[in-house]
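**Student:** Let the hints inform the model, and build the full structure from the sequences given.
Okay, so the sequence shown: first residue is 1 according to our numbering, each after it adds one.
Treat the hints as calculated values from the structure; they're not laboratory data. Just so you know, even glycine gets a beta-carbon here, dropped at the ideal spot from N, CA and C. Take these hints with a grain of salt, some might be off.
Pair by pair, the computed Cβ-Cβ distance ranges are [unchecked claim]:
(1) 5 x 49: 49 to 57 Å
(2) 42 x 4: 40 to 48 Å
(3) 2 x 49: 55 to 63 Å
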Amino acid sequence: MTVCALLAGATLTGSATRMGPAAIRPDRANYNQGIVDSADEQMLLNLVRLR
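**Tutor:** In structure tokens, the structure reads:
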């Protein structure tokens, strides 16, 4: 039980070093484009349903 807790803590702590502004900044444009694409698809689907 203690070993599992230590391994889980080490894994979570190690993965947290990749987060933050430096990691998020390059992906911001991709995230925004994904939101735009999703909104466009929903709009097109709604227009097709109205016909």
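**Student:** Between residue 42 and residue 4, does the beta-carbon spacing fit 40 to 48 Å?
**Tutor:** Hint holds: Cβ distance 43 Å, inside 40 to 48 Å.
**Student:** I want to verify a distance hint. Is the separation of the beta carbons of residue 2 and residue 49 within 55 to 63 Å?
**Tutor:** 56 Å, holds
**Student:** Please check whether residue 5 and residue 49 have a Cβ separation lying inside 49 to 57 Å.
**Tutor:** 51 Å, holds
Violated hints for the displayed structure: none, as all numbered hints are satisfied.
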